[in-house]
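Number of protein chains: 6
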Amino acid sequence: MLFVMKCLLLLAISGVLRGQGAPPVVTALPVKLPPSVAERLSPDDRVLFDKLMRVGLEAAWAAVTSEGFPQCFINELHPLNTGRRMVGRARTIRYLPNRKDLRDKTYSQGPQLNYRSAEEAQPGDVLVFDAGGETHSTVSGAITTTRLVMRGGSGMLVDGCMRDVPDLAAMPISIYLRCGHASSVSPILMSLDYQVPVRIGSVTVIPGDILIGEDHGVLVIPSSIVDKVLDKAMAHDEQEEFQRYLLLHGEPIYGVYPELNEANRKKFEEFKKQKK
Amino acid sequence: MLFVMKCLLLLAISGVLRGQGAPPVVTALPVKLPPSVAERLSPDDRVLFDKLMRVGLEAAWAAVTSEGFPQCFINELHPLNTGRRMVGRARTIRYLPNRKDLRDKTYSQGPQLNYRSAEEAQPGDVLVFDAGGETHSTVSGAITTTRLVMRGGSGMLVDGCMRDVPDLAAMPISIYLRCGHASSVSPILMSLDYQVPVRIGSVTVIPGDILIGEDHGVLVIPSSIVDKVLDKAMAHDEQEEFQRYLLLHGEPIYGVYPELNEANRKKFEEFKKQKK
Amino acid sequence: MLFVMKCLLLLAISGVLRGQGAPPVVTALPVKLPPSVAERLSPDDRVLFDKLMRVGLEAAWAAVTSEGFPQCFINELHPLNTGRRMVGRARTIRYLPNRKDLRDKTYSQGPQLNYRSAEEAQPGDVLVFDAGGETHSTVSGAITTTRLVMRGGSGMLVDGCMRDVPDLAAMPISIYLRCGHASSVSPILMSLDYQVPVRIGSVTVIPGDILIGEDHGVLVIPSSIVDKVLDKAMAHDEQEEFQRYLLLHGEPIYGVYPELNEANRKKFEEFKKQKK
Amino acid sequence: MLFVMKCLLLLAISGVLRGQGAPPVVTALPVKLPPSVAERLSPDDRVLFDKLMRVGLEAAWAAVTSEGFPQCFINELHPLNTGRRMVGRARTIRYLPNRKDLRDKTYSQGPQLNYRSAEEAQPGDVLVFDAGGETHSTVSGAITTTRLVMRGGSGMLVDGCMRDVPDLAAMPISIYLRCGHASSVSPILMSLDYQVPVRIGSVTVIPGDILIGEDHGVLVIPSSIVDKVLDKAMAHDEQEEFQRYLLLHGEPIYGVYPELNEANRKKFEEFKKQKK
Amino acid sequence: MLFVMKCLLLLAISGVLRGQGAPPVVTALPVKLPPSVAERLSPDDRVLFDKLMRVGLEAAWAAVTSEGFPQCFINELHPLNTGRRMVGRARTIRYLPNRKDLRDKTYSQGPQLNYRSAEEAQPGDVLVFDAGGETHSTVSGAITTTRLVMRGGSGMLVDGCMRDVPDLAAMPISIYLRCGHASSVSPILMSLDYQVPVRIGSVTVIPGDILIGEDHGVLVIPSSIVDKVLDKAMAHDEQEEFQRYLLLHGEPIYGVYPELNEANRKKFEEFKKQKK
Amino acid sequence: MLFVMKCLLLLAISGVLRGQGAPPVVTALPVKLPPSVAERLSPDDRVLFDKLMRVGLEAAWAAVTSEGFPQCFINELHPLNTGRRMVGRARTIRYLPNRKDLRDKTYSQGPQLNYRSAEEAQPGDVLVFDAGGETHSTVSGAITTTRLVMRGGSGMLVDGCMRDVPDLAAMPISIYLRCGHASSVSPILMSLDYQVPVRIGSVTVIPGDILIGEDHGVLVIPSSIVDKVLDKAMAHDEQEEFQRYLLLHGEPIYGVYPELNEANRKKFEEFKKQKK
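Here the protein sequences come in this chain order: A, B, C, D, E and F. Counting in our numbering, the first sequence tops out at residue 276, every number present. Counting in our numbering, the second sequence tops out at residue 276, every number present. Counting in our numbering, the third sequence tops out at residue 276, every number present. Counting in our numbering, the fourth sequence tops out at residue 276, every number present. Counting in our numbering, the fifth sequence tops out at residue 276, every number present. Counting in our numbering, the sixth sequence tops out at residue 276, every number present.
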């Protein structure tokens with residue numbers, strides 16, 4: 001549901017329902033980008049991220065799926081904080097189980113990829129770590145993530161685990177992970193590949209993908225279709241806003257949802273006109 | 001523990017312990033039914049639900065078990081919100097993995113059962129969805145649940161997953177589920193049976209069962225024994241209230257719990273008289 | 001990170017960064033021992049527990065590991081409350097699946113071990129229950145834990161489950177467990193051994209071990225090395241505090257972390273002098 | 001692959017390859033229906049079951065999927081014996097966790113459904129037990145299954161477990177299950193519904209479905225499409241037989257599989273003619 | 001089912017059914033103790049083990065349960081070989097996750113417990129290793145087990161894993177385990193306690209318990225009730241033998257199983273007389 | 001244990017033990033390479049593979065670990081056949097969850113990688129498929145594997161699943177996998193990377209690694225250390241052969257294993273001389 005509209009809708013309803021007691025709350029509070037991200041975004045990204053913060057996640061899921069990408073939602077990880085929304089652009093890193101020969105070769109060629117990815121992150125980036133679901137060794141921690149925050153990083157998506165969890169939870173950044181651990185990377189894992197396709201839960205993420213995360217998971221949107229997805233989804237949101245409005249006025253669900261009946265469809269057309 | 005008594009007890013203790021620093025908090029805050037439920041209940045149900053909101057969950061478990069129903073507690077699902085108590089009456093729906101022939105036949109006979117069950121819900125009802133633990137396809141979402149709230153629905157118990165999780169978490173309704181997902185129902189599941197016995201976690205739930213849910217799970221009480229269970233459990237709660245009182249005054253656990261010794265039993269009799 | 005320092009650091013930064021907007025929050029709020037524990041500790045333990053409340057968990061993990069104890073972190077359990085820190089000394093209890101002959105023999109020799117361990121707990125103790133990961137029968141509940149609180153107990157670490165979860169969550173004590181259940185102990189488990197080595201998740205805990213728990217897990221420190229671990233870890237924390245300070249001023253991660261470069265190492269020496 | 005053809009093919013190849021050493025074995029031995037089933041089948045079923053015993057499982061999967069039933073393969077259970085093929089017609093039974101009220105009511109209305117389903121089984125039937133994946137209580141055992149064998153029963157598909165496993169493994173019947181246990185049904189489960197749609201693994205099975213099982217799982221074919229599926233699949237098998245023939249003669253995979261190139265397609269047409 | 005009787009029964013049936021084709025095989029082949037065990041047993045144990053090799057596992061389960069021990073069957077482990085029966089007397093060893101201090105202390109006091117238990121094993125003993133389900137470090141291997149075989153050891157029950165699996169599978173000994181691994185003990189585990197109660201799967205095993213294992217799991221019989229259990233179970237087996245006999249002659253299950261009807265009960269009495 | 005020696009040892013023992021009954025079998029039967037592999041190997045590989053077929057897997061594990069590669073054993077997969085030994089050289093393929101954009105791009109650049117890897121396989125190669133543990137979509141099947149067999153391929157290591165399982169099980173090739181399925185690749189997965197480092201279970205495999213598999217798992221040996229590993233391991237095997245010999249003659253384990261005592265060490269030196 002469009003979050004800006006939610007506020008308008010709630011005001012509208014409160015007038016309509018005056019005298020009947022407050023209507024029940026049926027939508028989450030609107031959320032906004034943390035300043036550490038918002039203030040660093042490019043002008044174009046401000047427009048894009050503003051939409052990403054408002055679009056309904058499920059409407060966007062439907063649009064992505066209808067474009068031919070049904071394997072697009074990650075619900076195997078857990079958010080460190082609830083009540084936030086993560087939006088951003090994927091920057092991917094792949095970890096593998098440690099082995100000395102490969103590790104020595106890779107690490108001699110440059111910094112470990114958790115440092116490098118934090119340092120190279122662009123405003124609005126989400127670091128995406130594929131660690132194969134490992135839960136007994138971490139991929140990164142609070143100090144490296146501090147650098148990510150300073151760079152305008154928006155989030156982390158970790159199919160594995162992180163250390164320094166309480167500090168991470170306090171940061172203005174959204175983090176999804178399997179679980180936490182106190183370990184450093186080295187006992188079990190090593191970073192290997194940078195900006196390659198990776199597997200997170202049951203979804204493939206590639207560099208540049210657009211991500212939207214809520215409490216229950218993260219939607220992966222190929223960047224080539226993001227505009228189309230947002231247009232479709234926001235039109236859908238508008239109808240859902242109206243459907244909610246009808247239900248909050250006591251209408252039965254038949255004729256309202258999932259499809260509006262003839263009479264309600266006309267009302268919806270008027271509703272849309274009034275909003276302009 | 002009886003929640004109303006909890007308040008009295010805390011007041012009482014605060015007098016007794018004056019001068020010694022505040023006693024530690026050892027009981028959860030009392031919780032109450034949301035207005036969207038409370039205001040719609042029938043007079044009989046107001047009495048019943050009032051007791052269900054106050055009775056100790058563990059005392060009720062012991063009573064249900066002693067009546068011959070040891071498989072009565074569901075701890076395989078997770079509550080969307082902590083610090084709430086769900087009470088209500090089961091209205092069951094069974095989902096199965098999608099197959100075209102059965103789906104076409106069933107859906108041609110009437111609305112999908114998430115819509116129907118929301119529309120037909122009576123005040124205080126809990127929709128109980130058996131989706132076999134499926135975690136990659138949902139059974140329902142926020143708009144349908146808005147209708148449930150408007151009907152006075154009290155909760156949802158989903159052995160599967162739901163979409164629109166942040167909106168659901170904001171609603172005045174208690175929801176237990178495996179996890180969330182952004183998917184619609186259709187890719188994997190279909191609704192099939194309505195008001196039949198279902199399996200939720202490791203417990204059978206039948207239509208009309210009385211449910212009490214806290215953060216750690218949901219107790220299933222056959223409606224035929226609910227009065228007996230409440231009587232037994234509330235008597236038990238009264239003793240536990242007194243046992244807590246003794247412990248908060250520094251008594252050792254031997255002689256207090258699980259059984260009162262002779263001396264404490266006498267004090268308990270006086271305690272009960274004073275309360276009247 | 002040292003929690004007292006965190007406050008100083010945040011003040012310092014706020015001065016330095018004046019005019020640039022507030023720096024992002026990158027550390028968790030400091031936490032302190034609940035009065036029910038703090039007021040009962042021996043003078044020696046006050047000193048020890050004060051350090052345990054401030055030391056960085058990950059720094060301590062590194063120190064424990066470097067002392068030859070790499071299997072020292074438990075992340076298989078979940079905290080009942082987030083945002084707390086558990087510190088304490090292990091008092092262990094071992095549960096096994098019920099069998100009548102052994103149960104009768106054991107229970108005839110004295111009280112069940114959840115009662116006994118609560119009663120004998122010393123200020124700052126953490127009860128450690130090895131129930132083999134059992135999730136359908138509890139090991140203890142709120143009333144017994146009330147006694148533990150009155151004794152100055154600091155926490156519970158349960159490889160199994162507990163009943164009365166909302167009450168437990170309200171108590172000034174930290175609890176880690178697999179999940180909750182409403183059951184009593186008896187249908188599936190029995191307590192058997194007291195103050196023996198036990199397995200919690202993938203770590204061996206022995207009586208007297210020092211425990212530090214945060215949201216993501218619990219570090220187990222053999223008591224014989226706790227002073228050495230704290231010294232090492234706190235020195236490490238000081239450097240991390242400085243590294244964070246540099247990053248919050250916009251320095252790139254290279255040269256700052258994981259190792260300070262030559263220039264930054266000199267600044268660190270000055271930083272340490274200024275703090276004295 | 002058509003099993004009868006396999007034998008012909010192997011003979012053919014052995015001639016062609018004379019002088020070069022034996023070709024590697026690349027197909028499983030043909031299997032046949034046990035006499036206890038074969039001798040009791042109706043004439044129509046003899047024709048049907050003969051095809052079901054010969055058709056390639058993967059070819060049939062492709063045909064079922066292309067008919068609009070992609071959720072048709074159960075690989076969550078394990079066969080008691082390898083090297084067998086199960087074919088048959090589903091007769092379904094649904095178990096739920098035990099509860100006294102429902103059990104008393106149901107069991108007073110007739111025999112438990114494991115007895116009834118064995119007694120009523122028709123030749124070629126497969127008993128399909130949905131026990132929700134329960135692994136600590138069985139649904140049936142060897143004596144009841146002896147009756148099933150005497151009735152001409154062809155197999156059992158159990159999303160749960162069975163007792164008397166060594167005896168079952170010796171019987172001329174194919175059994176798929178989660179695991180075995182020594183328990184009777186009663187401690188945890190009860191039989192409830194007969195000949196209703198059930199969930200086995202991630203597939204819905206309805207009475208009358210046609211089942212084909214190999215070592216790695218069981219294909220579920222709606223009876224309404226079984227003829228179409230067999231025709232499609234057997235045509236496909238014929239091509240695969242030819243593709244294997246080419247590969248065994250040393251041709252590279254390109255041009256042979258998954259699609260035949262122009263030249264090989266012509267050879268295939270001749271191959272088909274020669275077989276007639 | 002009594003294995004000796006099985007042979008008689010099959011002979012009997014073959015006469016009765018002459019002219020009708022062979023009856024289906026519905027019982028497993030009888031199995032016997034390997035000579036390495038049988039030849040070393042004491043005279044008393046020969047009598048006992050002979051019964052243990054013949055008694056029906058499920059009948060014995062029912063008897064153990066009716067004696068008040070419902071948690072008596074382990075089905076969480078896998079046998080290395082199928083088609084064997086393990087019988088023996090438990091000799092228990094407890095492993096815990098490695099920690100240097102405890103390991104050094106324990107190992108300085110005597111040999112590791114896998115060596116000691118193999119060396120001290122008595123004929124007919126089963127080594128029972130509780131390794132907490134660990135699957136990435138073994139508890140013992142083929143050479144130590146060779147010594148166990150030479151001592152007359154009958155089996156191993158390992159809640160963890162073993163190395164040298166192919167060699168172990170070739171030995172005349174029954175082994176149940178989680179899985180195999182090539183690792184030695186030392187990277188993750190250490191042996192700690194000898195001849196103490198342990199947890200295997202969901203069952204407590206104590207030294208001296210009598211164990212019967214088939215392909216689907218292991219029954220644990222407290223030694224104090226083993227005679228009673230065998231008497232009860234063997235009487236039950238005799239009835240099941242007769243019930244099978246009736247079913248193999250084509251009788252319907254009603255009236256035969258689970259309870260014999262009046263007419264069949266009389267036939268059973270005669271059947272028992274004839275056998276004497 | 002060296003397999004060739006096993007035969008000698010068994011002969012030797014049979015002489016020594018004459019008159020005492022046959023010694024128990026304590027070693028697995030020797031296994032050999034299938035002709036389809038053996039006949040195609042290069043002369044150098046014949047020497048290497050001959051050693052790989054004989055070396056003790058656990059001795060090799062110890063050598064690999066001592067060279068600094070402790071994460072070298074895969075026990076998360078299951079062999080299709082027991083009683084075989086897989087040896088070979090890794091040829092790796094990486095699968096990811098399907099997504100249309102990446103799939104179209106990759107598949108337009110050449111054949112799918114299961115075809116390509118089978119076609120390009122060199123004698124003795126093992127195809128190593130990293131499919132992230134996926135169990136509902138396969139990576140390849142019997143026809144493609146037929147080509148692999150014709151190329152002299154030695155095995156397949158699949159962190160995912162395969163179709164046509166009975167045919168695969170009949171082939172002269174060793175296959176390890178999560179489980180089987182009837183599905184083709186396309187519904188869920190796509191092949192993406194060829195000859196890159198991959199994760200199989202908890203081990204990183206790179207192209208060219210040497211693999212040894214037995215029933216319980218697969219050892220991964222970096223090719224750079226294979227000669228050193230074989231030398232170390234075979235020396236170790238020789239000692240284990242002698243230790244077994246002593247135990248089979250009735251010596252106690254102390255003084256024999258894990259270390260030979262002084263007296264036995266001398267006998268071992270003589271034993272080695274006699275063998276030459």
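Worth flagging that the hints you see were computed from the coordinates, not collected in a lab. One should not assume that every hint holds.
Identical copies go unnamed one by one, so any copy, or any two together, can satisfy a pair.
Okay, derived cross-link-like pairs now, DSSO-like style, lysine-lysine, Cα gap no bigger than 27 Å in a straight line [what the hints assert, rightly or not]:
#, residue 1, residue 2
1, K266, K100
2, K266, K32
3, K32, K51
4, K232, K105
5, K228, K105
6, K228, K275
7, K105, K272
8, K273, K105
9, K272, K100
10, K32, K276
11, K51, K100
12, K100, K232
13, K276, K100
14, K267, K105
15, K51, K273
16, K276, K232
17, K100, K228
18, K276, K266
Hint check results:
1. In the homo-oligomer, the alpha carbons of K266 and K100 never lie at most 27 Å apart, since the shortest distance is 68 Å inside one protomer and 33 Å across protomers.
2. Taking identical chains as interchangeable, the C-alpha atoms of K266 and K32 are never at most 27 Å apart, the minima being 33 Å within one chain and 41 Å between chains.
3. For the identical chains of this complex, K32 and K51 are intra-copy neighbours only, at 11 Å inside a copy versus 38 Å across copies, given an alpha-carbon limit of 27 Å.
4. In this assembly of identical chains, the alpha carbons of K232 and K105 lie at most 27 Å apart only when taken from different copies (26 Å versus 47 Å within one copy).
5. Taking the closest pair of Cα atoms, K228 and K105 come within 27 Å of each other only across two copies (21 Å); inside a single copy the shortest separation is 43 Å, beyond that limit.
6. Taking the shortest Cα distances, K228 and K275 sit within 27 Å of each other inside one copy (23 Å), while across copies they are farther apart (55 Å).
7. In this homomeric assembly, K105 and K272 never come within 27 Å of each other (Cα to Cα): the closest approach is 61 Å inside a single copy and 37 Å across copies.
8. Proximity of K273 and K105 under a CA criterion of 27 Å is satisfied in neither setting, with 64 Å inside one chain copy and 40 Å between copies.
9. In this assembly of identical chains, K272 and K100 lie within 27 Å of each other by CA distance neither inside one copy nor across copies; the values are 63 Å within and 35 Å between.
10. For the homomeric pair K32 and K276, the shortest alpha-carbon distance inside one copy (24 Å) is at most 27 Å, but the shortest distance between copies (41 Å) is not.
11. For the identical chains of this complex, K51 and K100 are inter-copy neighbours only, at 25 Å across copies versus 46 Å inside a copy, given an alpha-carbon limit of 27 Å.
12. Proximity of K100 to K232 under the C-alpha cut-off of 27 Å is restricted to the inter-copy arrangement: shortest distance 19 Å between copies versus 49 Å within a copy.
13. Taking the shortest Cα distances, K276 and K100 never come within 27 Å of each other, neither inside one copy (63 Å) nor across copies (38 Å).
14. Taking the shortest Cα distances, K267 and K105 never come within 27 Å of each other, neither inside one copy (66 Å) nor across copies (33 Å).
15. Only within a single protomer do K51 and K273 lie at most 27 Å apart by alpha-carbon distance; the minimum there is 21 Å, versus 50 Å between protomers.
16. In this homomeric assembly, K276 and K232 come within 27 Å of each other (Cα to Cα) only inside a single copy, at 19 Å, whereas the closest approach across copies is 57 Å.
17. In this assembly of identical chains, the alpha carbons of K100 and K228 lie at most 27 Å apart only when taken from different copies (16 Å versus 46 Å within one copy).
18. In this assembly of identical chains, K276 and K266 lie within 27 Å of each other by CA distance solely inside one copy; the values are 16 Å within and 62 Å between copies.
Violation of the numbered hints given earlier is confined to hints 1, 2, 7, 8, 9, 13, 14; the remaining hints are satisfied by the structure.
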